[in-house]
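**Student:** As a plain string of letters, each chain reads:
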Amino acid sequence: MAVNGDVRNVIIIGSGPAGLTAAIYSARANLAPLVLEGEPSSTSDQPGGQLMLTTDVENYPGFPQGILGPQLMLDFREQAARFGAELQTVKASKVDLSSRPYGVWVGDPNTPEPTYRGDTIIVSTGAQALMLDLPNEQRLLGYGVSTCATCDGFFFRDQDIVVVGGGDSALEEAIFLTKFARSVTLVHRRDQLRASKIMQDRATANPKIRFVWNSVVHDVIGDSKVEGLHVRNVLTDEVTTLDATGLFVAIGHVPNTDLFKGQLDMEDNGYLITGQGEGATSTNVEGVFACGDVQDHVYRQAITAAGSGCMAAIDAERWLEHHS
Amino acid sequence: MADGISTLTDTTFDEEIGAAGEPVVVDFWAEWCGPCKMITPILEEIAAEHAGKVKVAKLNVDDNPNVARRFEVMSIPTLIVFRDGQPIHRMIGAKGKGQLLQELSEFIV
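Read top to bottom, the protein sequences are chains A and B.
The opening position of the first sequence corresponds to residue 1 in my numbering, with each subsequent residue numbered one higher.
The opening position of the second sequence corresponds to residue 1 in my numbering, with each subsequent residue numbered one higher.
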């Protein structure tokens, strides 16, 4: 049974590892979940989530030779569909969690009636990569500034590239880009990296990568495409110019929680607070659960997101048993 | 294939774009680009739903670097709208169907 009247048992918002694992589990529990996957974009805010912009995933168990991120997510999706999850490539524009069944809008958020209603909602909207928030960065997006190293690295063959950041994502991008670039300069605001030891070892051993420490990008230079960057040393305030034709930014993430402001409890940094009711994934609203990076700024791994997606599906199933 | 997406190459590009009576949306893409794959089904729908008003074609930048370089494509997916052989509008990055159609609406008449 796909629907209960026109009210769904479970509506899952988001389709990264967390959302799709929740879909697999709730579909196998015969709950016919509806998954609102999101819409295509060139940022991590897209169906499949952050892994859609990566290449080799080497730490997801079960793949001893590694697997490509987009392939892994297509496989998750196919597995969810196989058990009857309904996948819609649309983005939720509004939710109403004030009374059950909860309302979810797609498209125009001003229509009086929601597009879908659900007895339970699983929030797995994830997090998206931060940009530098500089006017010239926006203006030169697609003209040397890129949100997707795997898409655009190819266009920077034998050129000089800057990667901003000091975590695993930044080093992964830097190492990937050395396949094409003549040089990759990593600009980081501290004097040491946050990244894991294995990634640090790989990056420091790579002859094409050099580091500019204690520095932030002050401005992006170029009329019709990126020609260089102004970089400011945070200790001395000295501004220097780096010649580069490409800029890739990996300075962290923000949770996609705008949709839930004023309805779900969040921490000061916007991450949803879970464990508030029945089940570890419960939010402050009964029957609304959250999983994956939208509620986790500590671990942020595909495997932890998938694990919490499984927990959310089990929590939702138990909640439905007790409340219907 | 009236309703489908045609494939352009470095060799065929000028002739096919020049000969088209209606605007042509060219999708610059590559095999390794995840966001490119996400918009392919959307472009197929647009091509089918607006057949006769707009053409949709794709060009693999990996196999056809000359055309990609000529139009200074530095990010994919990039969609460029051509009319009478000339580029008249450029869209960078994958987008949902609603947003794509909104940006293309002035060319689909």
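Derived by calculation from the structure, the hints in this document are not laboratory data.
Some hints could be false.
Using C-beta positions, here's what the derived DEER-type ranges look like [to be verified]:
{"no.": "1", "chain 1": "B", "residue 1": "19", "chain 2": "A", "residue 2": "112", "range": "47 to 53 Å"}
{"no.": "2", "chain 1": "B", "residue 1": "53", "chain 2": "A", "residue 2": "227", "range": "26 to 32 Å"}
{"no.": "3", "chain 1": "B", "residue 1": "109", "chain 2": "A", "residue 2": "98", "range": "39 to 45 Å"}
{"no.": "4", "chain 1": "B", "residue 1": "109", "chain 2": "A", "residue 2": "59", "range": "47 to 53 Å"}
{"no.": "5", "chain 1": "A", "residue 1": "135", "chain 2": "B", "residue 2": "88", "range": "22 to 28 Å"}
{"no.": "6", "chain 1": "A", "residue 1": "223", "chain 2": "B", "residue 2": "19", "range": "32 to 38 Å"}
Which chain A residues stay away from chain B? Per the calculated CB distances, all over 10 Å, these [said to hold, decoys possible]:
{"no.": "7", "residue": "178"}
{"no.": "8", "residue": "204"}
{"no.": "9", "residue": "253"}
For every residue, glycine included, the Cβ atom is placed at its ideal position computed from N, Cα and C.
**Student:** All hints, please: hold or fail.
**Tutor:** Going down the list of hints, with the structure as the test:
| no. | hint | in the structure |
| --- | --- | --- |
| 1 | 19(B) with 112(A): 47 to 53 Å | holds (49 Å) |
| 2 | 53(B) with 227(A): 26 to 32 Å | violated (39 Å) |
| 3 | 109(B) with 98(A): 39 to 45 Å | holds (44 Å) |
| 4 | 109(B) with 59(A): 47 to 53 Å | holds (51 Å) |
| 5 | 135(A) with 88(B): 22 to 28 Å | holds (26 Å) |
| 6 | 223(A) with 19(B): 32 to 38 Å | holds (34 Å) |
| 7 | 178 | holds (16 Å) |
| 8 | 204 | holds (26 Å) |
| 9 | 253 | holds (18 Å) |
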